Structures are given as C-alpha cells and as structure tokens.
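Student: Make one complex out of these two single chains by using the hints.
Going line by line, the protein sequences match chains A and B.
Residues in the first sequence are numbered consecutively from 1, following our numbering.
Residues in the second sequence are numbered consecutively from 1001, following our numbering.
Heads up, a few of these hints could be off.
Unchecked claim - If you only want the chain B side, here are some residues facing chain A, beta carbon under 10 Å, derived:
#1 E1052
#2 V1086
#3 T1090
#4 L1093
#5 L1152
#6 A1153
In case anyone wonders, no lab produced these hints; they're calculated from the structure.
Please read all numbers here as calculations on a predicted model, not as lab measurements.
By construction, the Cβ of each residue, glycine as well, lies at the ideal position given by its N, Cα and C atoms.
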Amino acid sequence: MDNAEMGSDGKPLPPGAASPDQGTPNAAGPSNTGSAKARPVIHAADLAKRRRARNWALLAVLLGLAALFYAITLVKLTKGG
Amino acid sequence: MTGMTDSGGALDHGSATSAAFAPTGAFAPNGAFALLPESASLHEAARFQEAELSDWFALLKPRVMSLVVFTGLIGLLVAPGHLHPVLAFTAVLCIAVGAGACGAINMWYDRDIDALMRRTRNRPIPAGRIAPGEALGFGITLAVASVLVMGLAVNTTAATVLALSIGFYVFVYTMWLKRRTPQNIVIGGAAGAFPAVIGWAAVTGSVDLVPLIMFAIVFFWTPPHFWSLALWANDDYRRANVPMLPVVAGAKETRRQIVLYSLLLVPLSLAPWAIGFSGTVYATAALALGAGFLVCIWRVARDRQDVTGVSLTNDAPARAAFKYSIIYLFVLFAALAVDRLAG
Chain A
1 MDNAEMGSDG KPLPPGAASP DQGTPNAAGP SNTGSAKARP VIHAADLAKR
51 RRARNWALLA VLLGLAALFY AITLVKLTKG G
Chain B
1001 MTGMTDSGGA LDHGSATSAA FAPTGAFAPN GAFALLPESA SLHEAARFQE
1051 AELSDWFALL KPRVMSLVVF TGLIGLLVAP GHLHPVLAFT AVLCIAVGAG
1101 ACGAINMWYD RDIDALMRRT RNRPIPAGRI APGEALGFGI TLAVASVLVM
1151 GLAVNTTAAT VLALSIGFYV FVYTMWLKRR TPQNIVIGGA AGAFPAVIGW
1201 AAVTGSVDLV PLIMFAIVFF WTPPHFWSLA LWANDDYRRA NVPMLPVVAG
1251 AKETRRQIVL YSLLLVPLSL APWAIGFSGT VYATAALALG AGFLVCIWRV
1301 ARDRQDVTGV SLTNDAPARA AFKYSIIYLF VLFAALAVDR LAG
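The following block holds chain B by itself, in its conformation from the complex (with noise of 0.2 Å):
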C-alpha cells in the first residue's frame, strides 16, 4: 500500500515530485500524461496507480466471501452459549478478512492461468491494474492481521481454526491440488467447509459434532456445486490447463460424480435433526431443499448430450443445478439458524 501512495505524487502538476519525474514522461494538451518507454520504473508506478479501490475490493473476492461469512455467521449463531455482540462481530469480521486474504493469495498465484480464462483475465493483477507483489502483501497482511485479532479478541481455537483454513486453502488447494488432481475442489471443499466451525469455535472455544456436521455439508455440497459450473464453463479450464473433472474424464463422469456427491449430501443434510439438534422447522426445510437439489441434479443427468457426453442444449440444467446450490445452502443454514433461535 505503500508503494501506491509513493509514486501518486510523480503526477501531480506542479508539485516538486513532478519536476523530479519530468523528463521520464510528457504531458499532452489534454493533460494526459504519456509514459517515454524507457522510463520502466515509473511505469510500474503509474501502472501501479491504475487500480481503484474496486480493484482491492476485487481481489478480496467478495461472492465467495458472502458466503463464507454466511456459514460463519450460521455457526456462531446456532452454538450454545453467549458471545458478546462486539466480539462476535469481531469474529464474524476475522472470517471474512481471512477469506478475502485466501482471495487475494489465490489470484497471485493464479493470475497465469487467470490471464487466460475468458471468466477471469479482467481480474486485477492478470488485467495489469495491480502488482502481483503487492497483492501477495495485501493477502499476507490480511491473513496474519485476521489470526492475530481473532486469537487477541475471541479464543484461540478459532484463531487456531482459522489459520488451517487459510493454510488448507492457499497451500493445499491453490499451490498442490488445483493444478495437479481433478479431485481438486473436493479436498479443497474442505477450506470452504471450516467458517461454520470458526463460527462455533468463537462462542463455544471447541469443536464438537454439530459443527463438523456443518462441516461436512458444506464439503459435500462443494462437488455438485462446482461441477455444475465447471461443465459449462469448460472451454474455459481447459485453455487454463486446470484439470478439472469435465476436462480429465469428460462431461459423462462429471455429471455421474455430481448425482454420487447429491446423494450423499441430502441425508447428510438431515443429520442435525437426526442427532436432536433441530426440530421439525428444520428437517422439513432440508427434505424440500434436498428434493429441489435432486430434481435439479436429475436434470443434470439427463441433459440431452452426444456421445461423448457434451450437451446439446448449451448446458442449461447445469447452468440451473449451480444456481440453485447456492439457493439450497443459504436457505439450508438459514433454517437452521431459524430453527435454534425460534426453538
């Protein structure tokens, strides 16, 4: 951050920072100013100064984030106990700065194969608006400032939780898995799976059943919900080189893997009120929400294809399935949350 406030004043009409980098620039009668090729390092810097704050915004990934903080926020409310309204704040921020660090980590080590997929090569460092070192110290930052408070201000296993979240997710999914296995989002689901248990942490200090049956729904909701994106966008991961499972072993495999993981998760779904946690409000909402997802899941499978298994109607069951998983699991946790607070 501090390189973008350094180098702002070399733009500056009339300031003694300007006459300094003059002769390296011209300024055209509209008051543009032009960069000589030869001045490199003041490129950077005005390269540097293209990013807006939607820029840094951007690389904290905010969708992924919403969520993140919406199972956080679900794990924290449903925990027995009381957590003071300033810490759980606290805790619920901590989340969510450790997730936009993963964000921002993840898209400098990503912006190679970022600079090529249509979906992500306007993202800010592969677009050139950000430095890739600075948005590595802009996540590092984040990530040890998220732990710190955490531990200073709520417990220490949450911290503790919270810092193998970061870690699983920077070094086990972005740096080993994504590019090398096509099970990658699955093991990498996990990293998405531990806010609900940070949550939890943070008013109870320890782990129990309950969050790790959050834990787990979220784990096995990850597979169908990336899938369904990764069939139709495709083209896009395979231009990347990302083995993801439509690329490795083809639409065919990847529509069977998501009905196995479906499978799974909607009874799993119902485990909370299996073991008494929940009530009635909840199991009813899971087996509505399950019997969506199936039917959703059901289309996917029987997506008019070709041999080879690719759709011949652009992959709109797919396109649905994915939509509708983000539904399911924010009205799945929601009900949960309803069903504790209301019983």
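Just chain A, with the same shape it has in the complex (with noise of 0.2 Å):
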C-alpha cells in the first residue's frame, strides 16, 4: 500500500476515482498520466481472502436459492393436491 493514494475509508483509491481533495473523477486515468500517484497497489493475500469471501457468499446465496425453490415447489405441488 506504500505508494497508494489513500480514500477516506483507509482503501487506496484506484485511477478514475474521486480523492477527497479532487471532487470530481480523473478522466485520464494510468494509462494516460503514467504517475506512480495513480498506480494502485494490491496485496495479492489481500485479494485472495477477499475473493474467498465472494465466493462463499455466492455459494450461500446459491444453497439459499436451491433451498427456497425446493420450499415452494413442496407449497405449490401440497396445494395442488
């Protein structure tokens, strides 16, 4: 995170995004400007642990999905019979 531009929640904030002092967007982006201000840092344990997090979330929100369908399927066929 040592070179990163720091948003107000601690995050390095990413090229194209608004810094609190900017108010608005940086069109131009890395590509464009090259400076080592805009450049992001990532820690890739960082980024494992977070995509972990995903996708146990989306494995629960799948489970929870498959639970609720077989729930309303036994309502619906219950009532039709």
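Tutor: Here it is as structure tokens:
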C-alpha cells in the first residue's frame, strides 16, 4: 500500500476515482498519466481473502436459492394436491 | 460477477495465470502487487478486485431497502386472506431484491453526480471499487429475477406491480425526472409507495382501496421527508446540478411546500380508520404521530432564517424533522398492522 493514494476509508484509491481533495473523477486514468501516484498497489493475500469471501457468499446465495425453490415447489405441490 | 472470479487468479502467487500476467506488473518485497501503467486491461481487472462484499451490498442501498421491505411486509400483514409463510417470505424477498436492483441501477446511472456530492462520492462506483457495467448487470439481473420469481411463486398481479415499480423508479424517476424538475421526488416518491401495494397484492391477487390509501400515505410523506434532507444537503445537490426544490426555488418555498404536503398527509393518515378498515388503536397512533409531525414541520417553517430563507440554525429543525419522518412512517404502519392483527 506504500505508493497508493489513500481514500477516506483507508483503502487505496484507484485511478479514475474521486479523491477527497479532487471532487471530480480523474478521467485521464493511469495509462494516460503514468504517474506513480495513480498506480494502485494490491496485496495478493488480501485479494485472495476477498475472493474467498465472495465465493463463500455466492455459495450461500446459491444454496439458499436452491432451498427456497425446493420449499416453494413443496408448497405448490401441497396446494395443488 | 464472472469477471470478478476470472480476474482473481491473475494475482495468485505461483499459479499459471499469475505467470501469464507477470510481465505487466511487479511484486514488491512486502508482497504488494503494483500494476504498470501500460497494463490497462489488467488494471481494470485489478480495480474490480478492490470490490468487497460490502461494496456489492452497498449497491443495493440497504437503508432504503429496509423501509421498502417494512412497508411491503405491512401490506402483506394487513391484507385479508392467508398466504403460506414460505410464499410470504418469497414475496418479501422479491420486494427487497427488486428494491436493491433499483438502487444498483440508480447508482450506475447517477455515478457522475454521485462523484460530485460529498454524501455519495465514496459509493462503490464513483470510488472506483466496482465497474459501472458490472453494477448495471448486477441490477438488471436482480430486477429480472425478482419479478420472475414473484410471478412464478406468488402471483402475476404482485409481479406486475413489482415490475411497474422498478420501471417507474428507473425510467421515470432516475432517468427522466431527477435531473429535470424540482418536483422529481414528488412523482418519484410513487416508486417508494408501491411496496405496500405489492405486499397486499401478494396475498389477495388484486389491488384494493386500502393499499391505495397506504400508497397515498407514503406518496404524501415523501416530499416533507426528502425536502427536509434537501434543506441541509443543499450544497451537495447544487454542486451536482440536481434541481432539488431548495436549489431551484429556495429554502423559503421549500419550507412552504413541506408544510402543504404535511397538512395533506396527517388527515390522509386517518383514512384507514375513516373507511372502517382499522380501529381506535390505529386512529390514536395516527393522531399522536401526526401531531408530532406537525410540530416538527412547524419548527421547520419557523426556523430562524435570513432574508433569502437560509437557516441561521444550521437547519437543526429540518434535521430533526427528517429523523422524525422516518420514525413516523415506521410507527404509523406498525400501528396499522397491530390494529389489524389484534382486532
């Protein structure tokens, strides 16, 4: 995180994002500016952790939906019978 | 959501994908991965990696969603008839997901003005944590799914009203009115008034006078609620060039309109009792809450102000009215449900 511009929440601000002192997004982006200030620095371990959390959440959503559709089917069949 | 997982492997040490992307970035000794400026596509992927679960949840505007779920639940509870608990849960879930979809699509469309307003510039899209296209795809997927499930599991009337409310919020409020007229939230408020009707329709399969009264209550509650907020968030809206009433017509006129809508709201809140749908518990609650609401609004109208109507008290009465308006609607609808369930 050493070289990243920090946002108000402590996260590194990616290029294109409005920094608190800018007010408006930086439309130029990293490929145009090439400044070290605009480059994000990302921890691989942190990314893996985030990805794992998202995958677990997605699994939970899918399992929840499967359970919900199962329950709806049971209710519909019972009502139909 | 696919891009989120596809791009993830790029930054895993020792994986095949990591080797493929190695020339476009560099690992620092402390384990950080720095992107080189020329790797634009990888940069996009990495930027997307910034998103956390909380960012995706924030796209759904959870605070708005909670009010929408609550009014939808009340519509469902007070409706005559019976709905199986599983189907009732499904109906409420569809209302919540539909509302969340509206939030995501709204944030996608308003990302330019969100970046300009202090209150909204740290939202996931203007902060650069979620790509706009992904937010739009997320919103559309949720909208379609909520309407389909509502139609298949509950009934077509509820699904139709849900689809109508999503369309109204996205096309009429967000895309058409919000940036064009100071009456944006008056007409746009209708979108927030739909959930009670959807809840009722989920149970009965039809739309009756009572859900329309509940619709009207939320409709007339919305202007005093939002304009109270707009009075003290005036600078934000001006900076973003959003024609909220205080920006266009000034604080004096806004206070006048708040009073007018509040004077309409309080008698209207007694309508469920007047048509014999609810009893004295609700009527008493509506009267007490209405009296409190009018006191708050009176304080807003009598706020110390300069000749142009700008508050000299940092809009303290408007802030108090905004907070009270949220409590007002929650307690009013809760009283309606208690009255119906107890009676």
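Student: Under 10 Å, Cβ to Cβ, is where B/E1052 needs to be relative to chain A, so tell me if that hint holds or is violated.
Tutor: holds (6 Å)
Student: Using the nearest Cβ pair, does B/V1086 come within less than 10 Å of chain A?
Tutor: Nearest chain A Cβ about 5 Å off; hint holds.
Student: Should the hint that B/A1153 touches chain A count as held when the rule is a Cβ pair under 10 Å?
Tutor: Because about 5 Å separates B/A1153 from the closest Cβ in chain A, which is inside the 10 Å limit, the hint holds.
Student: With a cut-off of 10 Å on the beta carbons, see whether B/L1093 makes it to chain A.
Tutor: Holds, about 8 Å.
Student: Under 10 Å, Cβ to Cβ, is where B/T1090 needs to be relative to chain A, so tell me if that hint holds or is violated.
Tutor: holds (6 Å)
Student: Would the stated hint for B/L1152 survive a check requiring a Cβ distance to chain A of less than 10 Å?
Tutor: Because about 8 Å separates B/L1152 from the closest Cβ in chain A, which is inside the 10 Å limit, the hint holds.
Checked against the numbered hints given earlier, this structure breaks none of them.
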